[in-house]
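There are 2 protein chains.
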Amino acid sequence: MITASTAPNIWDATLHEIATVLSPHGPLGPDGVTKLYAPSDFSIHFFLQLAVIIVTCRVVGWLGQKLLHQPQVVGEMIAGVILGPSLFGLFLPEVQGAIFPKEMKNVLYTGAQFGVGLYMFMVGTGFRADHFKSKGPSAMAVSLAGIAAPFALAILITPWLLTVPGLFTPGISRFNATLFMGACIALTAFPMLARIIHERGLSNSSLGTLTLTAGAFDDAVSWCVLAVVLATFGAGPGVAVLAIVGGISFALFVIFFGAKLLAPLGRMVEEKGEMSYTVLAIVMICFFLAAFVMDAVGIHAIFGGFILGTAMPRGKFVEELKKKVEPFAVIVLLPMFFTYSGLNTRMDMVNSWSMLLVALAILAASVAAKFGACYLAARATGEDNRTALGIGALMNSRGLMELIIINIGLQKGIIGLPLFAMLVMMAIITTVMASPIFEMVYGKKARESGELDAVPDNTTA
Amino acid sequence: MITASTAPNIWDATLHEIATVLSPHGPLGPDGVTKLYAPSDFSIHFFLQLAVIIVTCRVVGWLGQKLLHQPQVVGEMIAGVILGPSLFGLFLPEVQGAIFPKEMKNVLYTGAQFGVGLYMFMVGTGFRADHFKSKGPSAMAVSLAGIAAPFALAILITPWLLTVPGLFTPGISRFNATLFMGACIALTAFPMLARIIHERGLSNSSLGTLTLTAGAFDDAVSWCVLAVVLATFGAGPGVAVLAIVGGISFALFVIFFGAKLLAPLGRMVEEKGEMSYTVLAIVMICFFLAAFVMDAVGIHAIFGGFILGTAMPRGKFVEELKKKVEPFAVIVLLPMFFTYSGLNTRMDMVNSWSMLLVALAILAASVAAKFGACYLAARATGEDNRTALGIGALMNSRGLMELIIINIGLQKGIIGLPLFAMLVMMAIITTVMASPIFEMVYGKKARESGELDAVPDNTTA
Numbered sequence: 025m026i027t028a029s030t031a032p033n034i035w036d037a038t039l040h041e042i043a044t045v046l047s048p049h050g051p052l053g054p055d056g057v058t059k060l061y062a063p064s065d066f067s068i069h070f071f072l073q074l075a076v077i078i079v080t081c082r083v084v085g086w087l088g089q090k091l092l093h094q095p096q097v098v099g100e101m102i103a104g105v106i107l108g109p110s111l112f113g114l115f116l117p118e119v120q121g122a123i124f125p126k127e128m129k130n131v132l133y134t135g136a137q138f139g140v141g142l143y144m145f146m147v148g149t150g151f152r153a154d155h156f157k158s159k160g161p162s163a164m165a166v167s168l169a170g171i172a173a174p175f176a177l178a179i180l181i182t183p184w185l186l187t188v189p190g191l192f193t194p195g196i197s198r199f200n201a202t203l204f205m206g207a208c209i210a211l212t213a214f215p216m217l218a219r220i221i222h223e224r225g226l227s228n229s230s231l232g233t234l235t236l237t238a239g240a241f242d243d244a245v246s247w248c249v250l251a252v253v254l255a256t257f258g259a260g261p262g263v264a265v266l267a268i269v270g271g272i273s274f275a276l277f278v279i280f281f282g283a284k285l286l287a288p289l290g291r292m293v294e295e296k297g298e299m300s301y302t303v304l305a306i307v308m309i310c311f312f313l314a315a316f317v318m319d320a321v322g323i324h325a326i327f328g329g330f331i332l333g334t335a336m337p338r339g340k341f342v343e344e345l346k347k348k349v350e351p352f353a354v355i356v357l358l359p360m361f362f363t364y365s366g367l368n369t370r371m372d373m374v375n376s377w378s379m380l381l382v383a384l385a386i387l388a389a390s391v392a393a394k395f396g397a398c399y400l401a402a403r404a405t406g407e408d409n410r411t412a413l414g415i416g417a418l419m420n421s422r423g424l425m426e427l428i429i430i431n432i433g434l435q436k437g438i439i440g441l442p443l444f445a446m447l448v449m450m451a452i453i454t455t456v457m458a459s460p461i462f463e464m465v466y467g468k469k470a471r472e473s474g475e476l477d478a479v480p481d482n483t484t485a
Numbered sequence: 025m026i027t028a029s030t031a032p033n034i035w036d037a038t039l040h041e042i043a044t045v046l047s048p049h050g051p052l053g054p055d056g057v058t059k060l061y062a063p064s065d066f067s068i069h070f071f072l073q074l075a076v077i078i079v080t081c082r083v084v085g086w087l088g089q090k091l092l093h094q095p096q097v098v099g100e101m102i103a104g105v106i107l108g109p110s111l112f113g114l115f116l117p118e119v120q121g122a123i124f125p126k127e128m129k130n131v132l133y134t135g136a137q138f139g140v141g142l143y144m145f146m147v148g149t150g151f152r153a154d155h156f157k158s159k160g161p162s163a164m165a166v167s168l169a170g171i172a173a174p175f176a177l178a179i180l181i182t183p184w185l186l187t188v189p190g191l192f193t194p195g196i197s198r199f200n201a202t203l204f205m206g207a208c209i210a211l212t213a214f215p216m217l218a219r220i221i222h223e224r225g226l227s228n229s230s231l232g233t234l235t236l237t238a239g240a241f242d243d244a245v246s247w248c249v250l251a252v253v254l255a256t257f258g259a260g261p262g263v264a265v266l267a268i269v270g271g272i273s274f275a276l277f278v279i280f281f282g283a284k285l286l287a288p289l290g291r292m293v294e295e296k297g298e299m300s301y302t303v304l305a306i307v308m309i310c311f312f313l314a315a316f317v318m319d320a321v322g323i324h325a326i327f328g329g330f331i332l333g334t335a336m337p338r339g340k341f342v343e344e345l346k347k348k349v350e351p352f353a354v355i356v357l358l359p360m361f362f363t364y365s366g367l368n369t370r371m372d373m374v375n376s377w378s379m380l381l382v383a384l385a386i387l388a389a390s391v392a393a394k395f396g397a398c399y400l401a402a403r404a405t406g407e408d409n410r411t412a413l414g415i416g417a418l419m420n421s422r423g424l425m426e427l428i429i430i431n432i433g434l435q436k437g438i439i440g441l442p443l444f445a446m447l448v449m450m451a452i453i454t455t456v457m458a459s460p461i462f463e464m465v466y467g468k469k470a471r472e473s474g475e476l477d478a479v480p481d482n483t484t485a
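Listed in order, the protein sequences are those of chains A and B.
Each residue of the first sequence is one higher than the one before, counting from 25 in my numbering.
Each residue of the second sequence is one higher than the one before, counting from 25 in my numbering.
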């Protein structure tokens, strides 16, 4: 066998050349890793990375929209995987290594955390109590099915998953592993789903109210379960107490005093007709403090962001906040998260028939527990077939939310790289499934009435 | 003498306690530096830092506005110094060390570079050829005086500064040292000055056209001189060639093809009435590429940003871009720059009478070369005393621009920490001087006519 190192050809030499140019201040070793790393290289690499990241996310997102009628978020999820070791790193390891050197990982990580924290904060500002307004038997049934089935299936498959080495961190309790798997399966891409329903004018339809209620309920339960897992996992009892007491105190504080304390900000925006930089600065300070507190007690920054978001003033305030914060978060920060997640996605870890079997089992369980269970629950309580299918497809789509939870699992050492890769696949596939089915059920109708064309642009969730 | 380590008192113990809480995952050593540094600490610290940074910048900025009628930027410049070793680090070293651990410096650095790059990009988009419209003898005289006097004084004082150890990097040529000092003295806070003139409705007054023309001209010359210094300083001739050829090629490419290539983006915004995320993403990709290219060839990212900015479509496009990019840049990124700069500002380096003398000499030379020379040039060509004073004060104010140039000088190893600290003082003092003088000359008049109250809010430059 001829390897690159014994018989370098022009192609390899060219790649090495490119890699060297991309690391202007450090000669590359044969492993493609820079030998010298000056402080100013951080900004050089940062600018390069961001250019590559945004180009990839936008191009793949655009292709997904045009060719497969998928929302932008699907393309960006895939773009992250493409930039990682599963594709870019597999075929052009040297160039990939030069663009994403390990020294830069902390910067990318920080940007990614900032991005998802801010994203969950914005999700929180869009959270409304009337999402739970649908009180009929169907809504109750779908909500419960969407949480009971995932945890039932998690109880069923987790003991088996624990026997496969590398999926979970050694020493994790079966209880925590099961809860984590249940939360992963039960999660829905609630924000994406809310936007699709809103943009299609389905907010008052049976499908709309049902899915919003059930999605909000299931997600709330899943995140609470995750919080419990994070609070009790790993470190000693002192840490768990800090997490539980700290987390609950913070949540209670925001719930009882947050809205009242923040109300003046809303009035300032209403009076002025726009959000001044001073108000925006105060909001950002609150956000950073909330993220810090929930991160520091050992839960996670996203909870701080989300909980704070729910207490923010509504109306003009949120409208203005969205205008000022969302563009940057969606264009610059979230792609950093997708990439960071993709850099950790090692599809090569699913490299045997037995591992593939595990991956497929997880996928099947996830689809059965959300699509299947929610569809059946809707049918059983009297919804027609098309509505039930639409509900199932939307509830089954997990999008960015799933990436967030599994990244937390990986970062906190709950799951290993192989399970992470399998869950990334599950997240992408269940999200990809949603659009064609939903199109089939509702899209055509909407297009016939001239209401909409395909899937709305800029849907990131 | 009783030191904290031999006889810890309650105050010290409390501070240690605070510092420990702020580094939740690492027990602190007696030096206040965390012993363990887990990857997830990066986001925890990042959130904490940003909260502290934005609070400090906003509070000091607000105090500066209310008590001293200074623009926000002055407060933020001072806030950065306060957070650094000159004040916070001097009085509460342990707490400061816990909030700003050295491990986080690269993240802060990256955010800071991103911030100033984006800022200069926005300055570029506001750059208009008609800033050079004033062709009268006064404009010519003030422009030339504002560039000739600084370089003349630089030629005069640099040989002396080179004899003081530590001010410049050993081995720097007298030529480069002189050019750098000249550029530092000649620089004006052009963007701030343009905004003040625009907001006060002085754009068509003698003071307005004169200052805009002279400011734009002097800044253009200063940045070109800096580019030459960066291109020729340090590394071997190969690096200089790369910098010069790369820099000039990029600039020519943008000047000749940039506007034409980017024009479709402007039309898309005009047609849609707003900037879509796709257009914004393309703009950001161009920005990151431009910043990367100019950083990688060895000049600096800010040149990439600025040059690209000048080629961007105007009108609605810039308006929309500003709305989408500026809030984040001003509230989150620029404060990171002020802080990064402040962390490098060691006022304790100016710790002897001789060093203080050097600092005062630099300050005096700077004021004489800009305030003095521009005032005299304006008087000599027939402007009245008040107008000439106003011109002098505005031309003398250096603001954020000065911090950018001296941070580049420090980062590229042109100047040392003591000179950096002296130039920070010079930048702050000359900027602080501008408002009262300008107020005296123009502010009262404007207030009497009910046109404005004090200095406009949110002026960051």
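For the record, the hints were derived by calculation from the structure and aren't laboratory data.
Just so you know, not all the hints are guaranteed correct.
When chains are identical, the list treats them as one kind, so a pair holds in a single copy or across two.
Claimed, not checked - Below, computed lysine-lysine pairings styled on BS3-like, alpha-carbon distance capped at 30 Å:
id: 1; residue 1: K296; residue 2: K90
id: 2; residue 1: K284; residue 2: K90
id: 3; residue 1: K340; residue 2: K90
id: 4; residue 1: K284; residue 2: K346
id: 5; residue 1: K129; residue 2: K436
id: 6; residue 1: K296; residue 2: K129
id: 7; residue 1: K284; residue 2: K296
So, going through the hints one by one against the coordinates:
For the homomeric pair K296 and K90, the shortest alpha-carbon distance between copies (20 Å) is at most 30 Å, but the shortest distance inside one copy (41 Å) is not. Proximity of K284 to K90 under the C-alpha cut-off of 30 Å is restricted to the inter-copy arrangement: shortest distance 27 Å between copies versus 46 Å within a copy. Proximity of K340 to K90 under the C-alpha cut-off of 30 Å is restricted to the inter-copy arrangement: shortest distance 28 Å between copies versus 34 Å within a copy. Taking the closest pair of Cα atoms, K284 and K346 come within 30 Å of each other only inside a single copy of the chain (21 Å); across copies the shortest separation is 32 Å, beyond that limit.
Proximity of K129 to K436 under the C-alpha cut-off of 30 Å is found in both arrangements, the shortest distances being 16 Å within a copy and 24 Å between copies. Within a single copy, K296 and K129 get their C-alpha atoms no closer than 42 Å, and across copies no closer than 38 Å, so neither meets the 30 Å cut-off. Taking CA atoms no more than 30 Å apart as the test, K284 paired with K296 passes inside one copy only; the shortest distance there is 20 Å, against 39 Å between copies.
In summary, the structure is inconsistent with hint 6 from the numbered list given earlier, while agreeing with all the others.
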